[in-house]
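Peer 1: Please model the entire structure based on the sequences and the hints provided.
These protein sequence lines map, in sequence, to chains A and B.
Sequential numbering from 0 applies to the first sequence in numbering that gives the first Met the number 0.
Sequential numbering from 0 applies to the second sequence in numbering that gives the first Met the number 0.
Derived by calculation from the structure, the hints in this document are not laboratory data.
Since the structure is predicted, the reported quantities are computational estimates derived from the model, not experimental observations.
One thing to keep in mind: the hints can contain errors.
[What the hints assert, rightly or not] Cβ-to-Cβ under 10 Å is the rule here; a few derived chain A residues that face chain B: (1) S42; (2) V132; (3) Y143.
[To be verified] Here are the computed distance ranges between Cβ atoms for each label pair: (4) A:S347 x B:L143: 48 to 56 Å; (5) B:D38 x A:F170: 52 to 60 Å; (6) B:V57 x A:R138: 28 to 36 Å; (7) B:I236 x A:P244: 54 to 62 Å; (8) A:A261 x B:V27: 27 to 35 Å; (9) A:E257 x B:L262: 24 to 32 Å; (10) A:G40 x B:G124: 55 to 63 Å; (11) A:F170 x B:P23: 24 to 32 Å; (12) B:R166 x A:R140: 48 to 56 Å; (13) B:L262 x A:A19: 42 to 50 Å; (14) B:D170 x A:F170: 54 to 62 Å; (15) A:L341 x B:L262: 43 to 51 Å.
[Claimed, not checked] Short, incomplete list of chain B residues facing chain A, as computed with Cβ under 7 Å: (16) L35; (17) L36; (18) G40; (19) P175; (20) Y189; (21) V190; (22) F353; (23) I357.
Note that CB positions come from ideal geometry on N, CA and C, so glycine has one too.
What follows is each chain in one-letter form.
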Amino acid sequence: MSARTDLRESARDLLAADAAKIAAVMLGIYVTYLLVGLILGYSANGMINTLQRLTFLVAIYAMVVLALNLHWGYTGLFNIGVAGFMAVGLYTMAMLAKPVEPTGGAQYPGLGLPVPIAILGGVLAAALVGFVVALPALRLRADYFAIVTIAFAEIVRLLYTASPFQEFTIFGYTMGTGGGRGILFNFQDPVVTIYRLPIFEGPVTFVNQYVEFGPADAQGVIYVGLLVVVLAGYYLLLKRTGESPFGRVLKAIREDEEATNALGKNTNAFKIKSFMLGCALMGLVGILWQFRRAGITPDAFRPHVTFYIWIALIIGGAGSNTGSILGAGIFTAGLFEGPQYLRRIIQSQISVGQPPGTFADAVGPMFALNFQPITSYLFNNMLTLQFVFMGVVLVWLMQNRPDGLLGYRTETAAAVPLGKRSDEVSETVHRADEPSETVSGTDGTSETASREDEVSDQ
Amino acid sequence: MGGPVIAAIGESYSRGRSVVAERPLTVVVGIAGLLLLFDLGSGMATGRYSVSRIGRFVWDGLMYGLIIGLAGIGLSLTYGILQFANFAHGDYITSGAFMGWGVTYVIAGLSSANVGHLLLVAPQGNISGGLLEIGVTSTPLAVLVGLVVAGLATILLVLLLDRIVYRPMRDAGGIPLLIASIGVAFALRYVVVLVYSTRTRGTTLRPPGTAINLVDGPLLIDAHDVTLLVATVALMIGVHLLLQRTKLGKAMRAMSDNRDLALVTGIPTERVIRWTWIIGGGLSGMAGYLMVLWTGTIDYQFGWLLLLLIFAAVILGGIGSVYGSIFGGLVIGIAMRLSLVWLPTGDFDLVAAFGIMILALLVKPQGLFAGRTTA
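Peer 2: Structure (structure tokens):
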């Protein structure tokens, strides 16, 4: 009996672990960034802006990684065209929401729809495009599927860049993508509308007593708050999806598509639905990502965006929703933003000297044992080094931690959460009054449990 | 007498009907292709399309296709033998081209600038390939040595990367290797940026061309076109002989068919893999060098941008098939340029090429040269 209580306790710990891990990591990140702000001597305002930007990026990456996790982690669809679906969502939204009568130079008309409807339109467009891609590509092997999706993403980017679509008329409506120069979002920003709501008046004046906080900053904070709420929505939606009978079929497809098919599931339909759902979510992230900018160019959707998202997914571990969020946090704070802050800190503390212009000028003095030029050259090219580092991290992860921090583990098709499986078993067993204590906690019983659960769910 | 004939007609009719019913996409793609070809032919005959313009497209497409095909051999070999899509292949091409062109610059311009600067393909300042008058006719030795160095240096690089990255993951399966190769691609591209900078530079002084008269205008062909043609065809023949006449080729074919069986039969798989990288890496470096010679410009991401076209060629030809990759390269190259007959200029030629690849995957996922892997 006491053994079981221990098990239950450790299981509870495990259950708490994912949330606790995320909380601990995020806390660590915030404390680190606050310290960085202190070292760099940021004002309260600058500090808040730093944290706001960080939170914004973490939330955006976490959302898109969650959506990708639905594709790859749950269904086994190897999508490396994420940037394309984000672009479709954002561009559709912009083209729907832009005013019919454009004002200002070099502007293209849109349909002038209200922003919420335009957002819905963008999400639907991304889902539809996902359908178009998925329908023919489903029969393909994972690596072919990958090539098709990246080719698709490039096609999308090239079409948005192409000048014939800069402005076009269809069914009597004129709109445009703006071509390579992109388009301005000259529509009313809903965040401003929210900011002007009477409830915010009190808090804003209150905060302004302590820190200098302009309306733009306040709107930024409100927007990030909104994003965190949307992220929570993403998480709950995908968690529910993953645990539902639908999600179990997806995992079964990931593990063995033919077997699932043989069990009478129409795997193609499941794959298409899962792909469309993920694409719709990616489209929404595309919108939320660039929403508060002044405009957008197709260059924002180069393939390296997809690459970032994949690194975050693999850090966190494919197949785990909590892992996706954790991975996004670590990627953003450590790999994406970290090196730039590191550079600023070093710059504020020591002088690295005038960097040489070329690599040759940097390497040459090394033979005379003068390492100052190479140091300052590398330091000056920290951004480039950062990309190299990201690539190295991805390779290292694939070699040493292919399942990431919270990935796969032992969850296959089980409806019960991974970590506490053995415990769940003993509970189920207990409830069923089966005297199987002897095997509780071993792998054998966890199998029974998952099978039991599946049966009871059907 | 009439019975068998009618039966035969009936059979072929029903077979045709089953093709239409089962593979409607194949039929649609076939019909569309035929219509386009017919339009092209009739347009040229009636003078609707300029013959010299189309000649230019075909010639340019042929050149592109040769580069894509040559670079594709390496990708196809590694895909067939190591069973993964190597996304770093494009950056092997870029790295090889930079290393080779550095040496070309040093040989051609030693008197006009310091070695370090030249070895980095003149990352800043006013030295350029045009100024150094680099070209296959003006500085043949520099170009030849550069080409060889591009091949050799890429082989070393590729072997090093295999040792560090891919060898520890030999049994990891296709997808983890693919993801790792994306990491390699990214890291390698930005190492190139770190060393050579992001600047796009002009590398050659184009030699004067010879005009070949087509019906309504001239087609200019210069020494760089010819060099590209001769070098790629020679390299392709070399690979063909290597794979057909040597024991290594036989072992490679055996390995791409069935790796475990090859291992059991006593084929030294690691050695075969090393030779695969050597051949693939050497060809990709030289393909990159030749492409830069032909286009006259070099920048840090041209290989990456070429990669999807190479994938298109390899998939079209059938993965693992050397001839398939050459054939696929030519089809993709020529189709890409010819698409400009119907599509407006801009980025639509790339869209057309990717579209062809996706269609090829849908219609015949195993490729046109399916079943003849690594031969």
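Peer 1: Evaluate each hint against the coordinates.
Peer 2: Now the hints, each set against the structure:
no.: 1; hint: S42; in the structure: violated, 34 Å
no.: 2; hint: V132; in the structure: holds, 9 Å
no.: 3; hint: Y143; in the structure: holds, 6 Å
no.: 4; hint: A:S347 x B:L143: 48 to 56 Å; in the structure: holds, 52 Å
no.: 5; hint: B:D38 x A:F170: 52 to 60 Å; in the structure: violated, 28 Å
no.: 6; hint: B:V57 x A:R138: 28 to 36 Å; in the structure: holds, 33 Å
no.: 7; hint: B:I236 x A:P244: 54 to 62 Å; in the structure: holds, 59 Å
no.: 8; hint: A:A261 x B:V27: 27 to 35 Å; in the structure: holds, 32 Å
no.: 9; hint: A:E257 x B:L262: 24 to 32 Å; in the structure: holds, 27 Å
no.: 10; hint: A:G40 x B:G124: 55 to 63 Å; in the structure: violated, 39 Å
no.: 11; hint: A:F170 x B:P23: 24 to 32 Å; in the structure: holds, 29 Å
no.: 12; hint: B:R166 x A:R140: 48 to 56 Å; in the structure: violated, 24 Å
no.: 13; hint: B:L262 x A:A19: 42 to 50 Å; in the structure: holds, 47 Å
no.: 14; hint: B:D170 x A:F170: 54 to 62 Å; in the structure: holds, 56 Å
no.: 15; hint: A:L341 x B:L262: 43 to 51 Å; in the structure: holds, 47 Å
no.: 16; hint: L35; in the structure: violated, 19 Å
no.: 17; hint: L36; in the structure: violated, 23 Å
no.: 18; hint: G40; in the structure: violated, 26 Å
no.: 19; hint: P175; in the structure: holds, 5 Å
no.: 20; hint: Y189; in the structure: holds, 4 Å
no.: 21; hint: V190; in the structure: holds, 6 Å
no.: 22; hint: F353; in the structure: holds, 4 Å
no.: 23; hint: I357; in the structure: holds, 6 Å
Of the numbered hints listed earlier, those contradicted by the structure are 1, 5, 10, 12, 16, 17, 18.
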